[in-house]
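Asker: Residues per chain, in single letters:
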Amino acid sequence: MEKLGLNLGTFLFYLFNFVALMIVLSAWIYQPVVKALEDRRQKIAKGLEDAQVAASARAKAETDAQHVLGLAQQEASRKLREATENAEKAAQEVRAAAEKDIAALRESAAADIRSQRDRMLAEVRPEVAALAIAATQKLIGEALDEKRQRALIDEFFSGVKSGKVVLLEETGETPSAAEAEVVSALPLTESEQSSIRAEVGRKAGAGVRITFQVDPDVLGGLKVRIGDRVIDGTVAGRIDNLRKTMQ
Amino acid sequence: MDPRFPDIFLQSMRYIGAGLAMIGATGAGVGIGLVAMGGVQSIGRNPDATSTILTYMLLGIVFSETIAIYAMAMAMIILFV
Amino acid sequence: MSTTTNRKWKYGFKRWIVLALIIASGVVAFAGPRWFAPLAPIKPPISMPAEEIGPGAFLIPSFSVGSFRFPGVPFTNTVLSTLLTDALLLAIALFVVRPFVRGKNPVPPKLYAGFEMLIEYFWNLAESSAGVKWARRFFPIVMTIFLLIVVANTIKMLPGYETFGWLKPVAAGSAEKSNSVVPIIGNLYALVPSAPAAVSAGGAPAAPAQAMYALLPFLRGSSTDLNFPAALAVFTVGCIFVFGFWSQKGAFLGKYFPFGRMIAIPLFGTIDFIVGLLEFLLEFVKIISLSLRLFFNIFAGGVLLLIMGSMVAVIIPAGLSAFELFVGAIQAYVFAMLAVIFFQQAIAGHSEEGH
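Protein chains in written order, with this note's numbering: chain A, 1 to 247; chain B, 1 to 81; chain C, 1 to 355.
Rather than coming from a laboratory, the hints here were simulated on the basis of the structure.
Glycine included, every Cβ here is placed at the ideal spot set by N, Cα and C.
Treat the hints loosely; a few may be bogus.
Stated by the list, open to error - No farther apart than 25 angstroms at their CA atoms in a straight line, the calculated lysine to aspartate or glutamate pairs in the DMTMM-like style are these: (1) K43/C <-> D7/B; (2) K43/A <-> E127/C; (3) K43/A <-> D86/C; (4) K255/C <-> D272/C; (5) K35/A <-> D272/C; (6) K104/C <-> D232/A; (7) K79/A <-> D101/A.
Claimed, not checked - Okay, the calculated beta carbon distance ranges per label pair: (8) D39/A <-> T270/C: 50 to 60 angstroms; (9) A45/A <-> R98/C: 26 to 36 angstroms; (10) A91/C <-> A45/A: 17 to 27 angstroms; (11) L8/A <-> V285/C: 40 to 50 angstroms; (12) E283/C <-> L8/A: 18 to 28 angstroms; (13) T63/A <-> Q41/B: 50 to 60 angstroms.
The following block holds chain A by itself, in its conformation from the complex:
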């Protein structure tokens, strides 16, 4: 043992030295450094966790933003569509109103013109009759019974003979209809109109609505349309028929 250098005193010195060094280093180095290491490890772990939380929050926020954006886009497109529709509707309304106005104006103007013409024609009617009588007197050379002449002419123009509508007498049954139209060359008198109305009413049914039109082109006689049936008793129509036959 002596030759190997083993010595109890030195051995105990080293043992004591080691233990003392261990205690001192443990207090001065190991505990603070290991504590710092553990703290850092925890901090890193916490940082990673926080980062994960933040990442998930960000992802959530992104999806939320996407959602909100989608909603906003939908809303915007809906608003746009509504505005467009409204504008179109307004434009259409304006146009329709304008068209209606125009149509009304035109209608009233046309009615004015028609009524004026009718009045003029009504004023002209006795004169036409007088002219026709005068021309006939000249042609025939004898004086005609003025009263009969006038009745004849009236009948020519109105197609109404002694309170009866000749045209309708000649035609057979007609189907009942809601509307009827009577066209004459000159405006008809009140009595003629009432007799025609009564006659047509009998033919087409009581509730029929009758409109009277004046068209100088028909020359004379009446053209009655009841429903979809036309009964042509005008001079122009007869001439036309004649022309067709002669051809």
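Please arrange chains B and C on chain A, whose structure you already have, making use of the hints.
Answerer: Relative to the frame of chain A, chains B and C by itself:
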């Protein structure tokens, strides 16, 4: 006979004995070589595990070396004690 | 032809210093005896026990209590070296670790960062092997073992270690290696190889006129004193028993002395008892193997270095010195590592229960 003969004889026998004791280092050398071979082969097969393998390889080398250390301890004791 | 890139040669500074040192050491080694005697390499003294610095220099003198005689703590060169090691470690603790740990500076200095890396490595080793609870208990032991051994083995390589000390007169004809001396300045002498020519020149077989001396170095590596590794090994093995008993209570003793099994199954129980006894003895063999490993690695390294230095003084000692640094660090690591493994085994037991 030289009166110093016993001392000289003892000393020479000590040298011979120490030399013979160190033959034991042969086995340790072979062992260290085998450990290193295994370690290098495993590192070659799995380079990712280098640090772990290195630790165990060092431990193996150290245990193998212990045998040589015993031989050397014997040699030293023969020589000096 | 050659695909290697031509690296531009640079006239460095340090490499010339190294070259000059190599040439100088060659000159000193081979021309020393003829031209400049004090620098000639000598055959070194090899002594296993640590030498006392001065006769009767005791840290604690010997005393006796009754029949027990405490041999005292002689103030040897290894003790001095150990105190130097302690001082270095305490300096590290005081001037490297504490300023940073106490300070507010969040950026660690490089020295501290390296030191912390070392501690972190061993902390992870301890924690991964035995868990935080037990790692906290045995980590100081393992870490102190490593730091003490690695610092002791490293400062052992400083110049002046084993080369500077008292002159010890050696009686002629002694088995010890002895050398003659030449004076340098005042009381400073240099050992030179004893010239056999001088002896033969005297012609007479009588004792030479020249006095012979051996070196008694002031400093010698702590690990080259068997007491140092033995103390560490005894402490480690003692801690194995402490930790084993602490963690497993009676089961730990049952591992070594399985009386219960011997009563339950007499035949195999007896075999188990013998095996347990062997294991108990093996725990004490651990002391021998741990201490001798460290001691002989470092001691043999030092002897190899000295002998090689006396034979081939150029280049080879430099390489061997580097290898010695490596071996010193490896031995420290191995000692600490084995301590961790022993502690882990003691804590976990053979059945690995509870962990």
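Asker: Each of the hints needs a verdict: does it hold here or not?
Answerer: Status of the hints after comparison with the structure:
{"no.": "1", "hint": "K43/C <-> D7/B", "result": "holds (22 angstroms)"}
{"no.": "2", "hint": "K43/A <-> E127/C", "result": "holds (18 angstroms)"}
{"no.": "3", "hint": "K43/A <-> D86/C", "result": "violated (34 angstroms)"}
{"no.": "4", "hint": "K255/C <-> D272/C", "result": "holds (9 angstroms)"}
{"no.": "5", "hint": "K35/A <-> D272/C", "result": "violated (44 angstroms)"}
{"no.": "6", "hint": "K104/C <-> D232/A", "result": "violated (122 angstroms)"}
{"no.": "7", "hint": "K79/A <-> D101/A", "result": "violated (32 angstroms)"}
{"no.": "8", "hint": "D39/A <-> T270/C: 50 to 60 angstroms", "result": "holds (54 angstroms)"}
{"no.": "9", "hint": "A45/A <-> R98/C: 26 to 36 angstroms", "result": "holds (27 angstroms)"}
{"no.": "10", "hint": "A91/C <-> A45/A: 17 to 27 angstroms", "result": "violated (34 angstroms)"}
{"no.": "11", "hint": "L8/A <-> V285/C: 40 to 50 angstroms", "result": "violated (21 angstroms)"}
{"no.": "12", "hint": "E283/C <-> L8/A: 18 to 28 angstroms", "result": "holds (21 angstroms)"}
{"no.": "13", "hint": "T63/A <-> Q41/B: 50 to 60 angstroms", "result": "holds (53 angstroms)"}
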